[in-house]
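Chains as they are written, first to last, in our numbering: chain F, 1 to 170; chain X, 171 to 336.
For the record, the hints were derived by calculation from the structure and aren't laboratory data. Note that the Cβ used here is the ideal one computed from N, Cα and C, for glycine as well. Incorrect hints may have been included.
Pulled a few chain X residues facing chain F out of the computed Cβ check, cut under 7 Å [what the hints assert, rightly or not]:
| hint | residue |
| --- | --- |
| 1 | Ser-191 |
| 2 | Ser-192 |
| 3 | Asp-200 |
| 4 | Ala-219 |
| 5 | Ala-232 |
| 6 | Pro-233 |
| 7 | Asn-237 |
| 8 | Gly-292 |
| 9 | Asp-296 |
| 10 | Phe-299 |
| 11 | Tyr-311 |
| 12 | Val-314 |
| 13 | Leu-317 |
| 14 | Arg-318 |
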Amino acid sequence: MRLVAYRSSDVSLLTGHRLPGELLGVRPVGLSTSAPPHRIAEPWTRRDERLYVVRDVAYVRYTEIDWASGQARLEIGPRELVEHGERELEECGGREHDGDVLTELVESAVEHGRRILKLRRFYGWVTPAARPPMEPLRKAGFGWEAIVPRSCWYEGVEVEREMWGMVGHA
Amino acid sequence: MPELVPLELPEGIRRLRRSPSSGLGFLGLDPLTQSDQWLLGRLTAMGAALYVGGRGTLVGYAPSVANPWQAQVAVAGDDGPALRTLLAFLRSAVACTSFTATLRAADTSLPAVLDCGFREVGVLRDHAFRAGIYHDVGVYYAAVADLRGDTPMALPRLAPDQVSST
Chain F
1 MRLVAYRSSD VSLLTGHRLP GELLGVRPVG LSTSAPPHRI AEPWTRRDER LYVVRDVAYV
61 RYTEIDWASG QARLEIGPRE LVEHGERELE ECGGREHDGD VLTELVESAV EHGRRILKLR
121 RFYGWVTPAA RPPMEPLRKA GFGWEAIVPR SCWYEGVEVE REMWGMVGHA
Chain X
171 MPELVPLELP EGIRRLRRSP SSGLGFLGLD PLTQSDQWLL GRLTAMGAAL YVGGRGTLVG
231 YAPSVANPWQ AQVAVAGDDG PALRTLLAFL RSAVACTSFT ATLRAADTSL PAVLDCGFRE
291 VGVLRDHAFR AGIYHDVGVY YAAVADLRGD TPMALPRLAP DQVSST
């Protein structure tokens, strides 16, 4: 998958039903259909942030970049495919996207960050309560590093969030 | 009664550079390699606020991204009372119910943070580059119920006419 620079025609990718700051921002399992979508900002204001897109598939954002340490927080936001009803989502186990597509997306994001931005470490937030797909992250080399209780408001409760990270040796 | 004096961000960044170990790791910043404009942009984007504690120690906080009742805190130096004053202020004025901090093992403020009741909840491997090597950074967490030590009974008030200006 090729990551290209963001341009204004990709603005529809920035909005979606996902938790803020999530590493792999698929639609959380059990999210009510009337919940408002989350929108990230366009990359014109912050200097420690780089936004790329895979056209019509997802956005990839490297944020809070520390150039001296070569590390960045990674956010991947796959596009919501269709408008699902709640029952349909439960039937397919809450998975909108194919696992292979997500794995390729995460691996492309890491490879792009390593090759183009010359970063060596990526980390991100994962909310276990939303039951995101973990296999794409494990296959790309991410590992569990920390767990912060009460870090995210989800479905009426303060839930814990995990930090998953990887160090890519160039 | 200890007081917290709020600082404008540019003045706070200048004080951060003058603090022990030049404020390395304060709220995840690196004043040695990051310029004033960069630090200002980062602190503004985080929504951070900086204060000066009773003994001139710089303290600061930034609200967490996904939970407005959790804040990341930092203190520049081994000053437990200043951190306690900040935590009490955050509890009373910002409605925080839990706190996080990210510190290296060699950070000067680690004893103060542990003394206040924070516990380690994870380690970010090879996260920060300081003094020629990559360091692991520990993530620390405390809920309001975990805080220990003599928190002041009367809640600290900000002195409104003492806002430091450039």
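Numbers of unmet hints, in rising order: Structure breaks hints 1, 2, 4, 5, 6, 12, 13, 14.
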